[in-house]
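Engineer: Letter by letter, the chains look like this.
There are 2 protein chains.
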Amino acid sequence: MLANKDQEKTELEALGEFGLIEHLTQHFPIRQPSTVKGVGDDAAVLDFKGKQTLVSTDLLIEGVHFDLSYMPLKHLGYKAVMVNLSDIYAMNALATQITVSLAVSNRFPLEALEELYAGIDLACKMYNVDLVGGDTTSSTTGLILSISAIGEAEADAIVYRNGAKANDLLVVSGDLGGSYMGLQVLEREKEVFKVNPNNQPDLEPYSYIVERQLKPEARKDIIGLLKDLEVHPTSMIDISDGLSSEILHLCKQSKVGCNLFEDKIPLDPTVIAACEEFKMDSTLVALSGGEDYELLFTIDQKEFPKIKGNPNLTVVGHMTAENEGAHLISRNNSKIPLTAQGWNSFAKT
Amino acid sequence: MLANKDQEKTELEALGEFGLIEHLTQHFPIRQPSTVKGVGDDAAVLDFKGKQTLVSTDLLIEGVHFDLSYMPLKHLGYKAVMVNLSDIYAMNALATQITVSLAVSNRFPLEALEELYAGIDLACKMYNVDLVGGDTTSSTTGLILSISAIGEAEADAIVYRNGAKANDLLVVSGDLGGSYMGLQVLEREKEVFKVNPNNQPDLEPYSYIVERQLKPEARKDIIGLLKDLEVHPTSMIDISDGLSSEILHLCKQSKVGCNLFEDKIPLDPTVIAACEEFKMDSTLVALSGGEDYELLFTIDQKEFPKIKGNPNLTVVGHMTAENEGAHLISRNNSKIPLTAQGWNSFAKT
Numbered sequence: 000m001l002a003n004k005d006q007e008k009t010e011l012e013a014l015g016e017f018g019l020i021e022h023l024t025q026h027f028p029i030r031q032p033s034t035v036k037g038v039g040d041d042a043a044v045l046d047f048k049g050k051q052t053l054v055s056t057d058l059l060i061e062g063v064h065f066d067l068s069y070m071p072l073k074h075l076g077y078k079a080v081m082v083n084l085s086d087i088y089a090m091n092a093l094a095t096q097i098t099v100s101l102a103v104s105n106r107f108p109l110e111a112l113e114e115l116y117a118g119i120d121l122a123c124k125m126y127n128v129d130l131v132g133g134d135t136t137s138s139t140t141g142l143i144l145s146i147s148a149i150g151e152a153e154a155d156a157i158v159y160r161n162g163a164k165a166n167d168l169l170v171v172s173g174d175l176g177g178s179y180m181g182l183q184v185l186e187r188e189k190e191v192f193k194v195n196p197n198n199q200p201d202l203e204p205y206s207y208i209v210e211r212q213l214k215p216e217a218r219k220d221i222i223g224l225l226k227d228l229e230v231h232p233t234s235m236i237d238i239s240d241g242l243s244s245e246i247l248h249l250c251k252q253s254k255v256g257c258n259l260f261e262d263k264i265p266l267d268p269t270v271i272a273a274c275e276e277f278k279m280d281s282t283l284v285a286l287s288g289g290e291d292y293e294l295l296f297t298i299d300q301k302e303f304p305k306i307k308g309n310p311n312l313t314v315v316g317h318m319t320a321e322n323e324g325a326h327l328i329s330r331n332n333s334k335i336p337l338t339a340q341g342w343n344s345f346a347k348t
Numbered sequence: 000m001l002a003n004k005d006q007e008k009t010e011l012e013a014l015g016e017f018g019l020i021e022h023l024t025q026h027f028p029i030r031q032p033s034t035v036k037g038v039g040d041d042a043a044v045l046d047f048k049g050k051q052t053l054v055s056t057d058l059l060i061e062g063v064h065f066d067l068s069y070m071p072l073k074h075l076g077y078k079a080v081m082v083n084l085s086d087i088y089a090m091n092a093l094a095t096q097i098t099v100s101l102a103v104s105n106r107f108p109l110e111a112l113e114e115l116y117a118g119i120d121l122a123c124k125m126y127n128v129d130l131v132g133g134d135t136t137s138s139t140t141g142l143i144l145s146i147s148a149i150g151e152a153e154a155d156a157i158v159y160r161n162g163a164k165a166n167d168l169l170v171v172s173g174d175l176g177g178s179y180m181g182l183q184v185l186e187r188e189k190e191v192f193k194v195n196p197n198n199q200p201d202l203e204p205y206s207y208i209v210e211r212q213l214k215p216e217a218r219k220d221i222i223g224l225l226k227d228l229e230v231h232p233t234s235m236i237d238i239s240d241g242l243s244s245e246i247l248h249l250c251k252q253s254k255v256g257c258n259l260f261e262d263k264i265p266l267d268p269t270v271i272a273a274c275e276e277f278k279m280d281s282t283l284v285a286l287s288g289g290e291d292y293e294l295l296f297t298i299d300q301k302e303f304p305k306i307k308g309n310p311n312l313t314v315v316g317h318m319t320a321e322n323e324g325a326h327l328i329s330r331n332n333s334k335i336p337l338t339a340q341g342w343n344s345f346a347k348t
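Sequence lines, in order, name chains W and Z.
Mapped onto numbering that gives the first Met the number 0, the consecutive letters of the first sequence carry residue numbers 0 to 348.
Mapped onto numbering that gives the first Met the number 0, the consecutive letters of the second sequence carry residue numbers 0 to 348.
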């Protein structure tokens, strides 16, 4: 992908480590009142003025978490930030700062890293977040991105994974399975491209699901919506590994069971169409696909009238006593135990 | 190193991603009152109760930053934490939490990662720091460690890089060049081992410098000492890339020049002896060696009586007007411009 660009390349060596980080981060503005000192000292300095501080971190490795043959670097930068902000929103908090560390091999010219940082910059702008630190170094192979997100919230607003009670309703934002089916489309086009490099894929019919994979949005809007609706979830998590595995996290940490209703799982029509085309079961895709970055949360039944009919939120089940376990109630009313089929990067393929 | 151990190995696949992080972090206690929620949710929750928050991050890559053929994993874990805590102390703040993200290839059995975390655990215990989050994943090659350190300080206690004034004294803690000379000894022994694997190296004469390389200590004690002495530095940085490059950072950000006196640079006798043995110039080693993790700071001349004669602190020079530039005043009184010869991981070797 990079090799075909007929433009001037700047070798990283010419800049060195300090020059590189300065070059990539010098145009990032400070937007948050809590940022006292951003990039450029031994550590960033933040002042949350009595609010609590949230910290989350993720490590993304080329060849494990992303494939640059169909993931443009600008999208990668944007998505890497989303993955981290999503963890902060999943605490019912607002993200305020990020740090970005980067390891790259010499095959990346400076212009490629500028693309990556353009995506990071866009994400910071759209989500009102400051880049306040990081590290750049070389890698022996490929690209490695480590992002930490920092956020703030009043102590009593924070929602943990462990507060769900039996009879609470289980609610999900948006729709599920799109990101995984977008990946299937991109993987297929990559194989087609290998056989016939002149083939121009028509991704138009798949634009929604491809965008879910390449440019997901963290659900900051849902945090605002819950505040406006005066809904305080009893537990919350973001859906990075698939609905099934996230439900099991809530159940385990809250010491409850769960009934999830198959016919309630929100699916976009393009996800259903893609599942038919790829001969995949759409329920399984929603349960195990992952990377949707929607929010999954539980609310007391009394709060139901506040969310009823909201197009952004779907009640997909309810929590039960712990000894009842976690189950999918299928369309034909059979009870199937939920298992963690989320992504395991250590599995041999 | 790992291949020769005649003990039972647990494959990472058997644990999966969630099992692995839980297994590695479950015994870490919470020591800091500011830690509200550590490992186990979408994000850690911290409460600094009005103090300011410090954040620093580093990415360490096998084959670039460390060589497992002579760096035991427990030492690597310890050192990786030190590198990050040092950045927090360099702000005159106290480190309170860390997050640790890890990418490993399948060649590492669980027991190897337990060794790594034993080093991290020891560092947390010695420096009174909580492990509050992280991420584990697979890598296509080698071991990758990303650590973020979080700290706290009263707003008026924090020392930045940009506060040095002309005529301020330049002070360094401890002694310099040991870590780099320790690395030379280890590299030499590795070459000897390649030729004759039965040769048992006698590292005893080099124990101080080898320990400086394999098990450096971040200078938390200096932060306590400065507080006890009621010395408030005007600027501060930690020495990770060599004295010369750190002085240039202070000069650039404070808009001052500097005269550094060669005969004042603190060197341990074993560093001088090793430099003679390896036919290296000890001043150059101190200026460019790096990884000493000592603190370099400036103080107003009025504060000199408070630090005079303290065995932990050495005045090595003084700041000048910006237009005078940064120079080394050599033993024969010639004036040599300081250049950033710190470590550039993008340089081709």
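Since the hints were made in silico from the structure, they are not lab data.
Just so it is clear, CB atoms sit at the ideal spot from N, CA and C, and this is done for glycine as well.
Hints are not guaranteed to be accurate.
Covered, in the sense of this in silico footprint (three residues per stretch, anywhere, with C-beta under 8 Å from a C-beta of chain Z), are these stretches of chain W [what the hints assert, rightly or not]:
#1 90-100
#2 143-155
Partner residues are not named here, just some residues of chain W that face chain Z (Cβ under 7 Å, in silico) [unchecked claim]:
#3 T52
#4 G62
#5 I87
#6 G132
#7 D134
#8 S138
#9 G162
#10 A165
#11 N166
#12 D220
#13 L224
#14 L228
#15 H231
Quick list of in silico lysine-lysine cross-link-like pairs, DSS-like style, CA-CA up to 30 Å [stated by the list, open to error]:
#16 K219(W) to K48(Z)
#17 K8(W) to K251(Z)
#18 K226(Z) to K48(W)
#19 K226(Z) to K124(W)
Engineer: Taking the least C-beta to C-beta distance, is D134(W) closer than 7 Å to chain Z?
Structural biologist: 5 Å, holds
Engineer: Mind checking the CB of G132(W) against every CB in chain Z and telling me if the closest is under 7 Å?
Structural biologist: 6 Å, holds
Engineer: Would you check the hint for K219(W) and K48(Z), treating anything up to 30 Å between C-alpha atoms as holding?
Structural biologist: 26 Å, holds
Engineer: Quick one, is the T52(W) hint okay against chain Z at 7 Å, beta carbons?
Structural biologist: Status holds, d = 4 Å.
Engineer: Take the shortest C-beta to C-beta distance between G62(W) and chain Z; is it under 7 Å?
Structural biologist: 5 Å, holds
Engineer: Once the shortest beta carbon distance from A165(W) to chain Z is found, is it less than 7 Å?
Structural biologist: 21 Å, violated
Engineer: Less than 7 Å between beta-carbons is the criterion; does S138(W) satisfy it with respect to chain Z?
Structural biologist: 5 Å, holds
Engineer: Take the shortest C-beta to C-beta distance between N166(W) and chain Z; is it under 7 Å?
Structural biologist: Nearest chain Z Cβ about 23 Å off; hint violated.
Engineer: Is K8(W) close enough to K251(Z), meaning Cα to Cα at most 30 Å?
Structural biologist: 28 Å, holds
Engineer: Do the numbers back the hint for H231(W), that is, is its least Cβ distance to chain Z under 7 Å?
Structural biologist: 16 Å, violated
Engineer: With a cut-off of 7 Å on the beta carbons, see whether L224(W) makes it to chain Z.
Structural biologist: 18 Å, violated
Engineer: Mind taking a look at whether chain Z covers the segment 143-155 of chain W? Criterion is 3 or more residues with CB to CB distance under 8 Å.
Structural biologist: That given contact holds, which follows from 7 residues of the segment 143-155 of chain W lying within Cβ reach (below 8 Å) of chain Z.
Of the numbered hints stated above, those contradicted by the structure are hints 9, 10, 11, 12, 13, 14, 15, 19, listed in ascending order.
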